[in-house]
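**Q** Please model the entire structure based on the sequences and the hints provided.
From first to last, the protein sequence lines stand for chains A and B. So the mapping is simple: this note's numbering equals the position in the first sequence, first residue as 1, plus 1452. So the mapping is simple: this note's numbering equals the position in the second sequence, first residue as 1, plus 282.
None of these hints come from the bench; they were simulated from the model. It should be emphasised that the depicted structure is a prediction, and the values quoted were computed from it without experimental measurement. No residue lacks a Cβ here, since even glycine has one placed at the ideal position from N, Cα and C. You may find that some hints are simply not true.
[To be verified] Each computed DSS-like pair below joins lysine-lysine, with the alpha-carbon atoms no more than 27 Å apart:
no.: 1; chain 1: A; residue 1: Lys1549; chain 2: B; residue 2: Lys346
no.: 2; chain 1: A; residue 1: Lys1549; chain 2: B; residue 2: Lys302
no.: 3; chain 1: A; residue 1: Lys1453; chain 2: B; residue 2: Lys323
[To be verified] Here chain B is said to cover these stretches of chain A; the calculated rule only asks that three of the stretch's residues, wherever they fall, bring their Cβ under 8 Å from a Cβ of chain B:
no.: 4; region: 1483–1495
no.: 5; region: 1517–1529
[Stated by the list, open to error] Chain B side only, calculated, beta carbon under 7 Å to chain A, not exhaustive:
no.: 6; residue: Leu326
no.: 7; residue: Glu369
no.: 8; residue: Ser371
no.: 9; residue: Ile375
no.: 10; residue: Phe390
no.: 11; residue: Pro392
no.: 12; residue: Gly393
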Amino acid sequence: KQEVTQIPAALSVPEGENLVLNCSFTDSAIYNLQWFRQDPGKGLTSLLLIQSSQREQTSGRLNASLDKSSGRSTLYIAASQPGDSATYLCAVNNFNKFYFGSGTKLNVKP
Amino acid sequence: GAVVSQHPSWVICKSGTSVKIECRSLDFQATTMFWYRQFPKQSLMLMATSNEGSKATYEQGVEKDKFLINHASLTLSTLTVTSAHPEDSSFYICSARGPPDYTDTQYFGPGTRLTVL
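**A** Structure, rendered in structure tokens:
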């Protein structure tokens, strides 16, 4: 069974810092990997989707990379802002099933 | 873009009653929908996969007689929590597999907060 781990569990940084969130998974036979943002008490907002054949995807200040062979993905956030404060989840698509990590709770201080 | 809605967004019920949650794909047909549960400060756990016109497939440890899933049309799946108890209080999120393309993207609903008193 696929297991997804996210490190760190929580992160607090001052505004303006660049930061990296990590996601690792045990079964490299994935179809794609997706990063989501979840605000407290809310649903999921999709940030980036990386297909298994891709190495990275970029959207604005966000960049996600994927190393399928080593079972790792990173989400890079440039020039962090207080509005980036949320929980970030990575989800691995194992052909019909999504497996979620436990998330990284990010707090960006003004 | 593809939008998935859930209704209700929150519900409070008494212990022993049943609650139905709807998940709709608004602008696309979804042959497959998924139901997740999220306990406080925990991640999403897949409960079941719902396929239009057939029985749902439940994950290990999920009671199919307690969590009834019906996917009667290509745009609607329902989750009924039967004889709800306080331990069923959770955030329930559905997702729908998007229109057929190479990305196999799932689109998530906004979630339903269930509180059982």
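**Q** Please list, smallest to largest, the hint numbers that this structure does not respect.
**A** Result: hints 5, 7, 8 break, sorted rising.
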